[in-house]
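Sequences and hints are given; from them, build the entire structure.
Single-letter residue listing:
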Amino acid sequence: MYDIIIVGAGPAGLTAALYAARANKKVLVFEAKSPGGQIINAHLVTNYPGVKSMSGSEFAENLYNQVIDLGVEIKFETVLSIDEDKNVITNKDTYKAKSIILATGADNRKLNIENEDKLVGKGISYCATCDGNFYKNKVVAVVGGGNVALEDVLYLSDIVSKVYLIHRRDSFKGSELTLKEIEKKDNVEILYNSTVTKINGVDKVESIVINNNEQDQTIKIDCLFVAIGQEPKNIVFKNVIDIDEKGFINTKDGVHTNIEGIYVAGDARNKLLKQLTTAVSDGSIAATVAIKEMEK
Amino acid sequence: MVKEIKDTEYKSIIKDNKKVVIDCYANWCGPCKMLAPVVDALSEELKDIVFCKVNVDEAEVITGEYEIMSIPTLLIFEDGILKEKVVGLKSKSELEEIIK
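Protein chains in written order, with the numbering used here: chain A, 1 to 296; chain B, 297 to 396.
Take the hints with a grain of salt, since some may be wrong.
Derived, one-sided and incomplete: chain A residues facing chain B with beta-carbon distance under 8 Å [as the list claims (entries may be wrong)]:
1) Asn41
2) Gly121
3) Asn133
Straight-line Cα separation of at most 25 Å, SDA-like style, residue types lysine to any residue; simulated pairs [claimed, not checked]:
4) A/Lys75 x A/Lys52
5) A/Lys122 x B/Val357
6) B/Lys381 x A/Asn200
7) A/Lys92 x B/Lys307
8) B/Lys307 x B/Val357
Because the hints were derived from the structure by calculation, they are not lab data.
Since the structure is predicted, the reported quantities are computational estimates derived from the model, not experimental observations.
Even glycine gets a Cβ: it sits at the ideal position worked out from N, Cα and C.
This is the structure in structure tokens:
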């Protein structure tokens with residue numbers, strides 16, 4: 001029996017583990033893919049108080065090592081379901097805890113158009129910092145309008161010959177500061193009110209079709225970087241946990257789910273601001289509340 | 297254990313071993329770094345399979361031969377022939393299924 005089982009080893013889950021381990025609780029963290037969460041894709045973190053500039057992966061690596069050094073157990077297993085009695089069923093076994101913290105985060109949203117899945121790694125990418133270097137002096141496009149898309153454009157503009165930034169609206173949700181930096185770049189062309197409707201290519205991406213005000217335009221590119229946001233991964237909990245129509249976990253106070261002893265932290269929950277700062281804040285609060293209520 | 301190999305070594309490794317997994321990574325790739333503990337765990341469990349990793353910045357032959365344009369990529373060889381090319385992060389259970 002564990003004191004706390006945490007589902008997800010991103011910043012929220014690992015921070016919860018850090019707090020719980022420092023309170024001498026027996027903690028188990030499940031991670032289906034790799035630890036670190038979405039922040040591992042961030043070229044630079046520049047909005048975390050006290051850290052002027054650090055790569056996302058360095059932040060994740062430090063946090064992971066900090067948690068491992070405290071003796072937290074991390075199992076790379078996929079959680080298939082949980083129940084009200086705090087049983088956690090994975091692809092390998094069933095585990096029991098006094099409390100559960102759901103910190104499942106979110107996955108990259110896909111465009112869901114033809115050829116997208118087929119051409120991943122052949123000119124379709126969801127990680128500019130991973131794949132940008134393979135497109136030195138080539139032409140690429142980034143689709144999206146948030147911070148990730150803008151950061152990706154800025155990063156890629158120093159590597160490739162040209163970047164198209166494609167956004168479906170007439171203004172950006174992402175940082176104005178980053179947008180100003182982008183506007184200074186000669187090799188970036190912004191296409192507003194535009195959507196990617198088609199990906200052309202057999203063995204690799206050759207071009208994409210952009211729809212702008214009902215007019216189609218084909219542009220030749222070598223890679224399309226998709227940065228259109230994230231979607232939650234809470235579907236496996238829906239029989240037990242109250243989830244909103246978009247798949248995020250509902251909470252009344254930002255930490256409690258509808259089930260006693262099951263808490264939520266990070267991007268998995270319905271909240272206003274999904275950032276590294278709020279993820280670690282959620283993780284620390286969830287662990288503290290879980291411990292307090294466990295000891296009642 | 298995951299052994300770091302050089303571009304020049306991989307041909308003999310895939311020839312001399314029944315099954316080989318090569319993790320193609322780079323130091324500038326965050327997801328690659330964070331995939332490392334998962335690949336380590338797989339190598340501990342699947343002892344009859346040889347696990348290697350190669351830095352794509354120093355491996356023009358492998359990246360050219362297998363057209364690696366996205367990392368992390370896992371190359372899975374059986375009897376010297378490429379059986380699967382796994383691009384991006386996958387769950388450990390998915391990787392187990394693919395590799396076994």
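Hint check results:
Of the supplied interface hints, the one on A/Asn41 holds, with its beta-carbon coming within about 6 Å of a beta-carbon of chain B, less than 8 Å. Taken as an interface hint, A/Gly121 checks out: its beta carbon lies about 3 Å from the nearest beta carbon of chain B, inside 8 Å. Because the closest C-beta pair between A/Asn133 and chain B is about 7 Å apart, less than 8 Å, the hint holds. For the given pair, A/Lys75 sits about 32 Å from A/Lys52 by alpha-carbon distance, which is inconsistent with the 25 Å threshold.
Taking the CA atoms of A/Lys122 and B/Val357, the gap is near 18 Å; set against the 25 Å cutoff, the hint holds. With a C-alpha separation of about 22 Å, the suggested pairing of B/Lys381 with A/Asn200 holds against the 25 Å cut-off. For the hint linking A/Lys92 to B/Lys307, the alpha-carbon distance of about 35 Å lies beyond 25 Å, and the restraint is violated. With a C-alpha separation of about 10 Å, the suggested pairing of B/Lys307 with B/Val357 holds against the 25 Å cut-off.
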